[in-house]
Amino acid sequence: MTKQQELIPHLFRTEYRKIVSVLYRHFGFDQIEIAEDIAGDTFLTAAESWGLKGIPQNPTAWLYHVAKNKAKNYLNRSSIYENKIIPELQKNDLSVYQKEIDLSPQNINNSQLQMMFAICHPSISEEAQIGLSLRILCGFGIEEIADAFLTNKETINKRLFRAKEKLREEKIKIELPSESEIDGRLEAVLRTIYLLFNEGYYSVSQNKTLRKDLCFDAMRLCSMLIENEFTNRPQVNALLSLMCFHASRFDARFDEKGEAILYDDQDTALWDSDLISKGGYFLNRSASGNKISKYHLEAAIAYWHTKKEDTNEKWENILQLYNQLLQIEYSPIAALNRTYALSKANSKEEAIIEAEKLNLNDNHFYFTLLGELYRGIDDNKAKQNFDKAFSLAKTQTDKQTIQKKIDSLLL
Amino acid sequence: MKEFLFVYRNDFSALPNITKEEAQKNTKKWMDWMGSIAAQNKLSNKGNRLTTTGRVLRANNKVTDGPYSEIKESIGGYSIVKVDSYEEAVELAKGCPVLSLGGNVEIREIDQL
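Which chain is which? The protein sequence lines are A and B, in order.
411 is the number that this note's numbering gives the last residue of the first sequence; the numbers go up by one with no jumps.
113 is the number that this note's numbering gives the last residue of the second sequence; the numbers go up by one with no jumps.
Misleading hints may appear alongside valid ones.
[To be verified] Partial list, computed: chain A residues near chain B (C-beta under 7 Å):
| # | residue |
| --- | --- |
| 1 | Trp-62 |
| 2 | His-65 |
| 3 | Lys-68 |
| 4 | Gln-327 |
| 5 | Glu-354 |
No lab work stands behind these hints: they were computed from the structure.
Just so it is clear, CB atoms sit at the ideal spot from N, CA and C, and this is done for glycine as well.
All chains, full assembly: derive it from the sequences and hints.
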């Protein structure tokens, strides 16, 4: 592969999103396609020109320069400029359109932040928020998004199309929310970032590189919020901390064949100690203000999981954190994890009684947990529960994991 | 789904003095119990504890200090759960730590306005 063939996809991943965010803000959602066309066209020109003349000294600057020119040309010749923008200019904010297209690091950063808030607007569905984030904020191709969601390109195209329509219909502005709105609006942004991360972390897609990219892109977006004074809130630091702790185990979670390795069986030498200390750093920074968000609690839980050794202190802390987390926001997975922590901190017997109350009868994790709890207490019951889990599990990976548990009972 | 108010009552003045360790154990019991209700997705509002001080306002603006800590069954706190029936609410209340300290739980269905 020539250097150029490697360089352009790489630059596409890092620079497309920056150029497009700036252009979006310049053109507004009304002309979202034009912004995308210009950004896409810039890369096409690069592919053609660099092939003939060689790679320029500063490829990124070259891209910015070409994107700016293309945008300027478009504005100059377009009839929309004459018929729509000029009248608009007269009644509104003159500054936006008179300005040169500004691809300074500062403006790129601001545009991306503003874009984040626009995409994560309460009127846009969660599914669409994630799709748009992947496309616009992370620069993922349609095919990659389809791969991550295990669906086809057509579905993703439709989903993105509808989401953009919605942005237009709702006349959502690309701007940061006001000081009084910030915490509420941040919640949706953080939720989307966390969903993005989880999409990568728990996705059933076999493409490990893509999954890792998803996780690190989510962390990058969160870092951007922290770098900006206005959005650098305790809960944002807590979310980044949480993602660092989880990501530290990324490589330890799979063997060479791509099979999942459960937490208990992981080789701690493969845990990324840099990410663990980064997680600790942001957890400390999150400890200000007087509100405990669910991200604080989840980060603290993830912190305890970076300590492999089973101690009563560890499990008692995890149990209390889950007790609090469930009071803030219920989720079946938190209820199951809380019950597991209860078995470690208090007793298996108590945990069985509590588990039976959960009634999550269509959830294979529920029966896997019951199987684990009965193990050594009533192995027959353990097997019955694992069997039930096996029949409910949908993916091959899950079935394999459960089968291993059944096999280990019969040893 | 209906909502029910749990009112925790006890004779707090009659409670024996306990060590710091016992107090911690007690807190853990409450936390685990509250966590259990939340894990069943039946907690509507964890509510709050009440201090032992109080005031009562009567007609003609007469204010008295509530003798809350001295009466036999003063209210120590409250929570709101969401379940379908009194039977279920009673079942949930059975694990309440206040019971083991000689107190009781009053369970009242909330009439949504």
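Going through the earlier hints one by one, which of them does the structure break, listed in rising order? 1, 2 and 3
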